[in-house]
Amino acid sequence: MITKRIIACLDVRDGRVVKGVQFVDIIDAGDPATQAARHAREGADEIVLLDITATHEGRATLLDTVRRTARELFVPFCVGGGIRSADDAALVFEAGADKVSVNSAALADPMLIEAIGHSFGAQAVVVAIDARRDPNAADPVRDAQVFVQGGRKLTGRRAVEWAREAEARGAGEILLTSMDCDGTRTGFDCELTAAVSEAVNIPVIASGGAGTVDHFVDVFGRGKADAALAASIFHFGVSSARSLKEELAKAGVSVRLPC
Amino acid sequence: MRVTVIDYKAGNLTSVLKALRRCGAEAEVTDGDLSLVESAERIVLPGVGHFAATERLDATGLTSAIRAAIARGVPFLGICVGMQWLYAGSSEAPEQPGLGCFAESCARFPDGQEKVPHVGWNSLEVRPNSRLLAGVEPGEYVYFTHSYRAPVTADTAAVTHYIEPFAAAVERGNVMGTQFHPEKSGATGLKILGNFLKWKGTE
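Protein sequence lines, in the order shown, are assigned to chains A and B.
Start counting the first sequence at -17; every next residue gets the next number (our numbering).
Start counting the second sequence at 65; every next residue gets the next number (our numbering).
Among the hints, a few may not be true.
[Unchecked claim] Some, not all, of what chain B presents toward chain A, calculated at C-beta under 7 Å:
(1) Ser79
(2) Arg136
(3) Phe173
[What the hints assert, rightly or not] Some chain B residues near chain A, calculated using beta-carbon distances under 10 Å:
(4) Ala83
(5) Gly113
(6) Pro192
(7) Ser194
(8) Ser211
(9) Pro246
Treat the hints as calculated values from the structure; they're not laboratory data.
Note that the Cβ used here is the ideal one computed from N, Cα and C, for glycine as well.
Next comes chain A alone, as it looks inside the complex:
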C-alpha cells in the first residue's frame, strides 16, 4: 500500500539551515548536510532543501551545499531556490539532487517546467506554490493568491488555476505552502490543500503550519495531501520523523514503518 510521505525541509541561507516565521524572523538551525543525514536516519521519507534567499539576492543555488548534502543521502532529495533554467537544473541534478523545485522562475516563464521535464523527466520537476487566502475573492481558498520571492511579490495568479497549468505543462508534483499558516505551528491549511489536491492528478505536498501530530492526521485526511512537509517541528528535537510516523500509524495513517 502506498504510504503518506513525511518530508523534512531544510530552508538554507548562506549555507546554514534557518527557520523563519511567516517568511521573516530567521533563526539558525545548523549545517544542512548534518541535518539532512539526521532526518534520513530518523525516518524522514524525503529531504527538501530550499535555498530561501537565492531568488531574492540573485544567487545561484549553493551547489556545494547540495553536493555535500547528497553525498550520504539514500532517500529522495529535492532542491529548490534560484533555479531559472534547464541548465541551472542540470547542475543541481549533477550535484546529486533527484528533483528540483521551481517557483518564481516557473511563474515568470512557465515553459521552464516543460524544459526541465523534457530533459530529466516529469518526476524530477516539483512546482512550488506559495499561496495566501484572498478574503476579497469569490472563493478565498481556490483563488488564494500566489506570491513569489519568499512572499514579497504578488503574481496575479490563483492557487488552483496555476497548479492545473503546472500539471498540464508536465510538473511531477506540487509543493503547496500556505503563507497564512507557515511557521505558526497551528496546523496546515487543509481547505487550500484539498482544493489543489482535488484539482490535479499529481501528488500534492502540503507545507506550512505543522505543529502537532493531529495537524498531519488532518492534512492527510481532510486535506487530501499525498505528503506533508515539516521543518520547525523537527529542527530542535521536538519530534523525529520516526516518532511522528509511529503516532500517525496509531491514528490509522499509512506510513513507512519501520524506517
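Knowing the structure of chain A, use the given hints to seat chain B on it.
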C-alpha cells in the same frame, strides 16, 4: 566488484553511482564506449523519465552491445525505465522497441482511481527464491516514481499494489530489473544493490 553503468542522458546517474559505490562497487560510466560494455563484469542501466529516451541506446550501438553482454551471462540490472526497457516495449513510446528479454509490454496505470504517477514509498511482496531481493522482509518499503508499469508474470520477482498489482521487480537468469529506485530506498535499497553486486552469475 566492477560495474559498468550506462549513461543515456536520461538517468539520475549521480544518485545511482553514489549508491553503487557505497555498496563497495568500482563503478565506471559509458555513454557510447562499447568496449566498456564488451569487457563489463556487471551492467546497470538506470533510468528516469520517458521511454523514448532509450532510443539513444540504439543510436549509440549500446543496445546491441548490451544484448551480447546479456547473452554472455553478464549480470544486468535495469532500474525504472531501465527495467521497462527489458520488455518488448511501452505504450509510452509505441514506436520505440525495448530489448525484448521479456515478451510483455509496459502500459500506463489506468486513470480515474488514484493519482498517476505513483510516487512514494510502497511495500513489496517478494516471491520465493528471488536472488535480487534476498533478505528483504515482508513490509519493507521502497521508493517508486512512475506512470507506466509491467504486468505480473512468472518472471516477476516482487509484486506491488497500486490501483492493481504490478511487477515491482523482475528476474530471469542473469537479467534483473526493479521498477522502484533502490538507490533512493534507504537501507533496503542498498541491500538490494548489494545482492546484485554479490551475485556470482552462476546460480
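Against the structure, the hints:
no.: 1; hint: Ser79; result: holds (6 Å)
no.: 2; hint: Arg136; result: violated (31 Å)
no.: 3; hint: Phe173; result: violated (11 Å)
no.: 4; hint: Ala83; result: holds (6 Å)
no.: 5; hint: Gly113; result: holds (3 Å)
no.: 6; hint: Pro192; result: violated (22 Å)
no.: 7; hint: Ser194; result: violated (21 Å)
no.: 8; hint: Ser211; result: holds (8 Å)
no.: 9; hint: Pro246; result: holds (9 Å)
Hint compliance for this structure: hints 2, 3, 6 and 7 are broken, all remaining hints hold.
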